[in-house]
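So the sequences go chain by chain: A and H.
All letters in the first sequence, in the order written, are residues 4 to 479 by our numbering.
All letters in the second sequence, in the order written, are residues 702 to 773 by our numbering.
To be clear, the hints were calculated from the coordinates, so they are not data collected in a lab.
Not one of these hints is a red herring.
Output of the computed footprint for chain H on chain A, the stretches with three or more beta carbons under 8 angstroms from beta carbons of chain H:
1. 431 to 440
2. 443 to 457
3. 468 to 476
Owing to the predicted nature of the structure, the values given are computational and were not obtained by experimental measurement.
Idealized CB from N, CA, C, for every residue including glycine.
What follows is each chain in one-letter form.
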Amino acid sequence: MAAAPSRPFDFLEGLPGTVFYKLYQQPSTALAIFRRMLPDLAKCFVMALLYLKEPLPATDLEDWVRSESLRERDNALSILGRLHILSNTTTSNNVRAYMVTNPFAASLRQALMGTEQTQSFGVLSQLGDETAVTIPNLDEYAGRQWEGVLGYMVGTSGLGIQRDVNLSKGVKQLLQAGHLVEIRDRRVEITKDGFAFVLQDVGTQVWHILILYVESAEHIGMDSVEVLSFIFLLSSLELGKSYQKKDLTSTQIRTLTDLTDFGIVYQENPEATRFYPTRLATTLTSDSSALSNSISGSLMGTDTSTEAGSGFIIVETNYRIYAYTSSPLQISLIALFSTLKYRFPNLITGKITRQSIRRAVEMGITADQIISYISTHAHPQMRKHNIAKTTNPQAGVPPSVLPPTVVDQIRLWQLERDRVKATAGFLFKDFVSFAEYEAPCRYAEDIGVLTWKSDRKRMFFVTRHEQVAAFLRSRK
Amino acid sequence: MPRAVRGVLIECDPSVKAIILKYDEERHDYIVEDLDDDRHLVIKESQLQNLKIRLGKDLDDKLMQPDESESE
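Isolated chain H (complex conformation):
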């Protein structure tokens, strides 16, 4: 019997997907369905904003940035 589930389809890099999977391991409160390819998954609509903020913060911390010095 087919079912329909409400959610938000997320399309992203494999690396970002791995991070989202890691978030979900903590309390299983993000993912509705892991779609088993490395670029897509469905998450809860209520968590979208939260996820974006958390991702933005973590990526800022983790990504190596070239020298940002403002010197001329």
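Just chain A, same shape as in the assembly:
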């Protein structure tokens, strides 16, 4: 299944039904949601039901799925329900049935068959191609802007290298509003959420930013539904083509200008008559993972068009880390959790130490974030080495790109920081008899608030006391 990124999905799920009704008016939105947000089984259901005139009896649909895959079926149905795509109805003779809801069905049919003349998928610019911007240029632009945003967050200027990426005030405000950075004493400081953010892959980051943008749209006087559906429109455009701006509404123009700052779209200047989507936009709702690789590749500052998808970090079993990069952003990210030693034109070396991990953990970075960052960017040699090892039939353990000793040690170092596990709550004590103790204790366990109990001392600890107290009173 398309590993639906949880964040956009959670965000959509939280929207009220009326918003879905408005969103699904646009064929591009319906198609984007269909392509990106649905597991394969759900896509099958939608396609099977799309052209039916009558609702399909629920038992018929349920028969399509083998009994051992009930969980997948229920999951698919539940997702479709939560996205307001499938509705429960009854057929004419009162049998429970499913059908695809209407604005969605009509829009998806339009998207598939192209029978409409609206501008839902953008209008190609008719201008001559002499001045057209090439795909490598777009990638470079997107990479530079996005790196600028991340660099602003982690403060690459501290390394003495300042790229001239102009971040608009809007971008900075958005990062602040999303609690990714804080301004203290006019200095930018990254927050816990910000750390989690910079270590994610680019696709997740872009969605995160876009959702922040949609959420803040209302505050600056824009219709959030319109912004959201415009984002879905952008995601269905074609890379390397330019599109007309004259059919866009004023809200859409404004969104376009703001997204230009992030490198999600490109236009020569705000007054230009056409715009280009960059790879950041066009892969938003596709399964293509080329995005993260080629962009992060371009963030490395090396030529990636020939070598897309290569990582650059090597970690040895003795905790030494080598990163083939000259990007100030990547260097400052690696410096977050390691002690850097040498810097060469295309290589930095350092060591992962107990102190460096503890420093990172104290800043709010988790061991898992560090490990996933290193393995996402692991050098091809490390992957190759690992594959050679795992073809060994004895290897029953799931393959790990990184040396297991290093992964374990990073986790252990984190645990060292958390020597105690604290749970706030209430201790119930002084029960006269075991019988008096046992009933509320079992009740607390049943309602899921019990964290600890001792039969011998007749005490138990709960996270919430109201219900247990009420229970005790009711038994008086």
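With the hints as your guide, set chain H onto chain A.
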């Protein structure tokens, strides 16, 4: 007559629990209830932050660490 007391349940190693008990001996200002097994106790909510900082510092001082030299 059963009672409910507000507090924070702490789960930790026996060694850490011993340290917390020692802190409490000074002024009896940490522990609400010693739960008599060697991994749990309930402390005052207001002292949690304080305790964490103090533990972190003391453990750093006391624990033996392998050589931390940064030499390559």
